Amino acid sequence: MRPLAFLELTKKDLKVEVRSKSSINQMVLFAIASAFIFSLSVDAEKFFGQILMIVVLFSSMLSCSATVVREFELETVDGLKHSMSSREIIAGKIVSNSLIVFFLVLIITPVCYALFNLSGDFLLLLISLLISSLPISTTVTLLSPLSAFAKGREMLLPAMLFPIIFPVFIPSFKLLGFSYAGIFDFISAMFLLSYTGLIFSLSLILSEHLF
Amino acid sequence: MIICEKVSKRFGEKFAVRDVSFRFDKSLAVLGYNGAGKSTLAKLIAGILKPSSGRIEVFGKDPYKCVEVRRKIGIVTHNPMLYRELTVEENLRFFANLFRIEEWDWILDELNLRDKSNKRVLELSRGYLQRVAIARAMISNPHLLILDEAFSSLDLEGREILRKMIRNFEGSILLSTHDLEEAKFCGKFLVLHNGEAAYFGESYDEAVGILRAHKEGSEG
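Those sequence lines, one after another, are chains E and V.
Under this note's numbering, the first residue of the first sequence carries the number 1, and numbering increases by one thereafter.
Under this note's numbering, the first residue of the second sequence carries the number 1, and numbering increases by one thereafter.
Worth double-checking, as some hints may not be accurate.
Unchecked claim - Some, not all, of what chain V presents toward chain E, calculated at C-beta under 8 Å: (1) I48; (2) I75; (3) N79; (4) L86; (5) N97; (6) R136.
What the hints assert, rightly or not - Computed far set for chain V versus chain E, every beta-carbon distance over 10 Å: (7) S8; (8) R10; (9) S52; (10) R71; (11) I73; (12) M81; (13) R84; (14) E85; (15) E102; (16) K116; (17) N118; (18) S125; (19) R163; (20) F185; (21) G201; (22) Y204.
It should be emphasised that the hints constitute simulated quantities derived from the structure, not laboratory data.
From a predicted model like this one, the values you see are computed outputs, not experimental measurements.
In this text, a Cβ means the ideal position worked out from N, Cα and C, and glycines have one as well.
With the rest of the complex left out, here is chain E:
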């Protein structure tokens, strides 16, 4: 695998995303709207970790799958297959999707901080949410090509995603909860990073069947 090749794909994906703005706008609007509704309906200060994860999970599903599915729908994936290995394609897609989700986290964290009247450690919360978002963006990218040609792909993606992403929820809630109190939960963070590494490796192994 040539590292520069998948970074070229990442660069191109981000450029296309910035130009089209379709996924980013949709993702940010959805995230802000859901955070606003949650802030009015539940004790947001108590459940902010869970709420943040729900917002990031559903927003990531919208944007990360769109960047992959679009390549299949416009058949541009055929052009990529001619110039890159399938490993390079999946690696590039994971990196670009993770950066797009990072962008969302950078926007949504201060918004939630204000809406939920939070007073904990902002920087630690931001770092924890960035770490928690990594397994989500990686898993959604892995599963998106599988659902690209399915008739009910809007249903199929969550149905495949939830069982795989389930082990991530508890460590994420713990990481976010502790970070609010100013403590960095190293074990949960390591679990989330290892889980991301596992899904990333699985994506590379399965890449031949995905692209």
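Given chain E's structure and the hints, the job is docking chain V onto it.
Below, chain V alone, put in the same frame as chain E:
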């Protein structure tokens, strides 16, 4: 050398290509009417599709399994495989970077695209879109060029440019078309009918005769 041995491709129950065998070195024209299986065969040889059965070998390797072989193939299909949000230059630069090619902008002059280079692909007409698709395919200096109905949306100038590029091209060419005039220069001819090879040989007249007979047969 490009070799196909008893290659079939099935989509569900329907065979798009069935038991097709041929081999060529320099140039092959794949002739057939709409739905004959020309585009599927082009994608199979390019390594974009996996054959359901049979063996494909391009420069000694299976193109579906080997990315190094795919990187030696340039393909133009009905779909330009370009990013609509990016400009012509950004698209071509992206592919050139993937191939590690630094000197690539000669292709803009070759296809008379210089004044369109800052336009987004979605703003281009069908003919110019096809020119950019040809530029994308040629940018890597491929050893095998697959042109699937590449002349179809080009204007007279575009057709002349493409003919000139084909004349000067030193690698192998697979030209898939239903325009018989464009196929004349090829050394070998394959006629496809309903996904099956109706003729494979070196005679243009014989290939055209069989193609016309099949058309009359299906109409009569």
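Of all the hints given earlier, name the ones this structure violates by number, lowest first.
Numbers 10, 11, 12, 13 and 14, in rising order.
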